[in-house]
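**Q** Residue strings, one per chain:
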Amino acid sequence: MSVPKAPATMGRLTAHLHRRARWRWPEIVFWLAVLAAILAAPSRAAIINEVLIAGLFALSLDLILGLTGIVSLGHAAFLGLGAYAAAILASKGFADPTLGLVFGAAVAALVGLATAPLLLRGADLTRLMVTLGVSLMLGELANRNGWLTGGTDGLNFSIGRVLGLFPIGFTGQRNAALYSFAVLFIMFAVARRLAQSPFGLALAAIRENRLRAGALGIATSRRIVAIYAVSAAYAGAAGALLAQTTQIVSLDLFDFHRSADVMLMLIIGGAGYLYGGLIGAAAFIVLRDVISSATPEYWEFWIGLALVVLVLAGRERIREAPRRLIALFAPRAARRGVA
Amino acid sequence: MLTILLDGVAYGMLLFVLAAGLSVTLGLMNFINLAHGAFAMVGGYVTALMMNRAGAPFLATLPAAFLIPAILGVALERTLYRRLYGASPLDQVLFTIGLVLMAMPIADYLLGDEPQQVHLPAWLSGRIEAHGVGIGVYRLFIIAVCGVIAATLQTFLVKTRFGAQLRAAVDDARVAEGLGINVDRIFAIAFAVGSGLAGLGGALAADVVGGIDPSFPVKFLVTFLIVVTVGGSNGIIGALFGALLLGVLDVAGKYYVPSIGAFIIYGVMVITLIVRPQGLFARGDAR
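Here the protein sequences come in this chain order: A and B. Counted the way our numbering counts, the first sequence spans residues 177 to 515. Counted the way our numbering counts, the second sequence spans residues 2 to 288.
Note that these hints are calculated values from the structure, not bench results. Some clues are possibly wrong.
[As the list claims (entries may be wrong)] In silico DMTMM-like pairs for lysine to aspartate or glutamate, Cα to Cα no more than 25 Å straight-line:
#1 B:K255 x A:E473
#2 B:K160 x B:D172
#3 B:K255 x A:D329
#4 A:K268 x A:D300
#5 B:K220 x A:E316
#6 B:K220 x A:E473
#7 B:K255 x A:D428
#8 B:K255 x B:D214
#9 A:K268 x A:D428
#10 B:K220 x A:E384
#11 B:K220 x A:D431
#12 B:K255 x A:D431
#13 B:K220 x A:D300
#14 B:K220 x A:D428
Please put together the full structure from these sequences, using the hints given.
**A** See below:
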């Protein structure tokens, strides 16, 4: 960061950054546990698949909200774009899932790139409104262009085999979950690498203080546009996965509640360290499943209550809680910073 | 042509009353209150229930539709909202979304998800024709009531001691406090009035939007936010003009080019935010 006074400082810094970048054993256990869950509980594959996709969506929001500090209330725009892009491609006869996934992500990324400049001006409130407005406009666009999107009826389509081998969808729920798992893992690894690259460090600087980051010579506007496009691509990929594994898309993908839900997931899990979105997505969906099987009509109430309590108690303090617990038992590990 | 214009004005006036409270909390107090629509829903329910269950006349329910949400508003403000005045926008958004998520199932639980209709009295439901221009009596009524409210609010804010204190508290809460202004009390009253206006707006809007149901807070949340965003959030006049502009554009758009529908108001909002992030009618100083 600063001018190296002695080579030792620089060396320590690099060593620290390298250490941060290493995969630690809790992370490896985490991913193996997810994989084991899919293989061990084939009857639950559908809900696990839903969690994985929601996790990818929450991860995409974490890239802008957690890493860069850009708030968005309209991230569903990219989920919907990715889903519709993949669905339309498949319904035109290009049924290869990988192709659809890449196409969905690319379309979302392009729109993200085009709308990102809108985020550079104004305060947080402006950004919330712009992102919300963009998602509503896209939803209305999908609604009005029924010849392409099927309008309020949505689109039904069939999908090919993953890599030409594994059938997914209703007949292959477990394959679908494994497919989502593979995509999530690869994209997570890329996001993790991204967060620890100089680019990721620049984003953290922007989050902490955009003015100062600019004064350090970071091209803040370009970084924000870039990460927004990446985040849009992630959300688009989540949408494409959702479309392919359920083989249906409908207009509610663009709904406001999608954007709100994903924000809740990220906040429940904690923003800024990438795993938060995955944990939050799992907690949110399991919670919703449990509550809605008890009181199908009113589960939103409990989610709302949880949010209010979460904010009043202080999100920071709750996020710090596990760290403090660890500090209690293993002071040294805590000081090194356990993710 | 003139009919559409008047319909648009009526709709805009309605939007103004619904959103005026939001422009106070958002613009003046810097608080992002996404739960604003919940207060409007309460007002609408008050009127609908008083009319349908107790047989009260429409006009008599309106004061209650103002008072009950206002009391609810001040209670929530004192207990919960005030803790978050200095918090980050993200916290405020999350908190108020949480409140909305709670308000909707409560309404559903107590009253069911059927829309509660407000049946207008006969003297408000006809149409009158003058010089070949037809307009619903109720629209005229809305324009009159909301016009009076707008004028009262503006006078109140500009001419009275309380208005001056509110503006001082908003400009710099600490200095205002130092001058002996009870900022806490001012904010509580402003919040109560804003919530009450939302309730009144909800009651007036019930007929126009086809009844009040539990999804009301979310359905119109976006519209409120658009009004405040376009109008600029630091003043009553800005919100009024923003609401009128959107009302007329929306009604005219739906009439002349139905194929693009709700696109118009979203488009107006996004363009406004690009050209003037602080709102069309705001003073030049962006926060």
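**Q** Indicate, hint by hint, whether the structure satisfies it.
**A** The hints, checked one at a time:
About 34 Å separates the Cα atoms of B:K255 and A:E473, which puts this hinted pair outside 25 Å; it is violated. For the proposed pair B:K160 and B:D172, the alpha carbon gap of about 17 Å is at most 25 Å, so the pair holds. Distance hint between B:K255 and A:D329 is fulfilled; the C-alpha atoms sit about 22 Å from each other, no more than 25 Å. In summary, the hint linking A:K268 to A:D300 is not supported, as the alpha carbons are separated by about 40 Å, beyond the 25 Å threshold.
For the proposed pair B:K220 and A:E316, the alpha carbon gap of about 14 Å is at most 25 Å, so the pair holds. As the CA atoms of B:K220 and A:E473 are separated by approximately 18 Å, the hinted pair is consistent with the 25 Å bound. The suggested pairing of B:K255 with A:D428 holds, with an alpha-carbon distance near 22 Å, which does not exceed 25 Å. About 23 Å separates the Cα atoms of B:K255 and B:D214, which keeps this hinted pair within 25 Å; it holds.
Between A:K268 and A:D428, the direct Cα distance comes to roughly 22 Å. Compliance with the 25 Å bound is thereby established for this hinted pair. Simply put, B:K220 and A:E384 have alpha-carbon atoms about 35 Å apart, too far for the 25 Å limit, and the pair is violated. Restraint check for B:K220 and A:D431: the C-alpha separation of about 11 Å stays at or below 25 Å, so the hint holds. Straight-line distance between C-alpha atoms of B:K255 and A:D431 comes to about 21 Å, which keeps the hinted pair within the 25 Å bound.
This hinted pair checks out: B:K220 and A:D300 have alpha carbons roughly 22 Å apart, not beyond 25 Å. A threshold of 25 Å between alpha carbons decides the hint, and for B:K220 with A:D428 the separation of about 13 Å falls inside it, so the pair holds.
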